[in-house]
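Novice: Sequence:
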Amino acid sequence: MSVLQKFAKHNRCTPQELGKPLGTIGNCHLYTFDVIGPVSRFWQTLQANSPHSPFQQLNWVRSIVTGAAMRSGPSGHKSGDHIFVVGFVGEKPVLIVPLEVKKGLLGARWTWLGEKISDYNGPVVDHDFQAGIPPGFLGEVLDLLHGAYPEIHAAHLIRNPVGGLGFSIGNTGRSKLFSAEFMSHAMALRQDWKEHYAKIRSAKSRQRLRSKYCALKRAGNLSFRRVREHYSRQDATRQILTWKSEQLDIMGARNRFGRQDDPGLLWHAIEESVRRDDRSLEVFGLFQDGRLIAGMLAFITGDTFYYFVSSYSPEVSRKHSIGTLLFVKTMELAARANFKHYDFLIGDETYKSDWCDTHIILQHFTHAFTWRGRLICAAIALRLSVKKFIIRHGEILKAVQIAQKQITLLKSLNFRSRATSVSPVKLGKVKAKGLS
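Those letters in the sequence shown? Residues 1 to 436, by our numbering.
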């Protein structure tokens, strides 16, 4: 009796929930699943015994799958668009590799599931198993997948934090590693916030921000807190996303959220994650006279606080530095609750570099199966090189940004003309102390 048959018998699974055997690498037996239901049980086991970011948590992955189904209409997310490779040693699950299929002009390729809306990607790997994984393991897993799915020509796995893949891989054979065009940034926290804040910001900077906060207080009773009630969390999340989307459209910046009347996968995934209410994604709000005027969505995993999305009401002047106020307030809460790290996530914005003391290098990984796959990987490498060239040359970057802004503004005009104004959300007063 196989591992999965024993598991199915013990948990009273139906035959449809059983995975398909993929192959064996060393002592690791691999199976594939095209639905997340039965994988959830293995995921919960692994999640408790593996280092991972919030983007590898079961709640977020479920939200991606549900969000994709919502975006694909009544037919739902097609079986085969995503797949989960689960590895077992004996009867113990030790590995989950979540992938999906992306199609392009040169052919189909494997990518991480929800790659573009997750700042960190990678598998979920048992801590003890990870220590003994041989070099090239990921390439062997992908080669087994190609045997089962020969119509997929390559793999392109992006945003892998260095040391976070769970695999020892390098530029060997058909597998290539490239440094990403952007990094992530983080800051170490200390529980004595007052002393820590004084070390990282000058007295003049602290006074200037305090003056802006006091100016807001003079306009009405001001409070900052974590939103706790379930339905208030959902309302606040929708308002934060609406403000963020509108701000990006006004700036002509790339809008990966979509819009209220046409939400993207990221919007769907965030709302679904908050709806599930397992509190891995927290909602914080700045209230004026009980009225939400700014908010932040943040992941909390282990000893790290992840600053994910923030936005504010258009009624609030930018001169109040609302964005800075939000992350300073959450830094203080995180430090006092004894969190060790504050992660700003992906992006090379000036304020992130200004506050952080740690740079997290991200890598892209490609692996070709066929001659078309080699063309796909070559095109990917060329595109990345062009991006890096543009970023290194300020004048070219500025010209490209201006052009992108004009194109984005033109695209958003139609949506903005149909958009309806969203009244600020009125939420009940909730007391919150720290993040515990």
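Hints are computed from structural coordinates only; laboratory data are not their basis.
Yeah, the Cβ is synthetic: ideal placement off N, Cα and C, and Gly gets one too.
One should not assume that every hint holds.
In silico lysine-lysine, BS3-like type, Cα no more than 25 Å apart, as pairs [said to hold, decoys possible]:
1) K244 <-> K194
2) K387 <-> K398
3) K319 <-> K116
Between beta-carbon pairs, the in silico distance windows are [as the list claims (entries may be wrong)]:
4) G90 <-> R374: 21 to 29 Å
5) H127 <-> A399: 43 to 51 Å
6) G37 <-> K217: 44 to 52 Å
7) G147 <-> P314: 53 to 61 Å
Novice: Please go over all the hints and tell whether each is borne out by the structure.
Specialist: Checked hints:
1. With a C-alpha separation of about 31 Å, the suggested pair K244 and K194 falls outside the 25 Å cut-off, and the hint is violated.
2. With a C-alpha separation of about 13 Å, the suggested pair K387 and K398 falls inside the 25 Å cut-off, and the hint holds.
3. A C-alpha spacing of about 32 Å is found between K319 and K116, which places the hinted pair above 25 Å, so the restraint is violated.
4. Between G90 and R374 the Cβ separation comes to about 37 Å, which falls outside the hinted range of 21 to 29 Å.
5. Between H127 and A399 the beta carbon distance is about 47 Å. The supplied range of 43 to 51 Å therefore holds.
6. Between G37 and K217 the beta carbon distance is about 50 Å. The supplied range of 44 to 52 Å therefore holds.
7. The supplied range of 53 to 61 Å is met by G147 and P314, whose beta-carbon atoms lie about 54 Å from each other.
Of the hints listed earlier, those the structure fails to meet are numbers 1, 3 and 4, in rising order.
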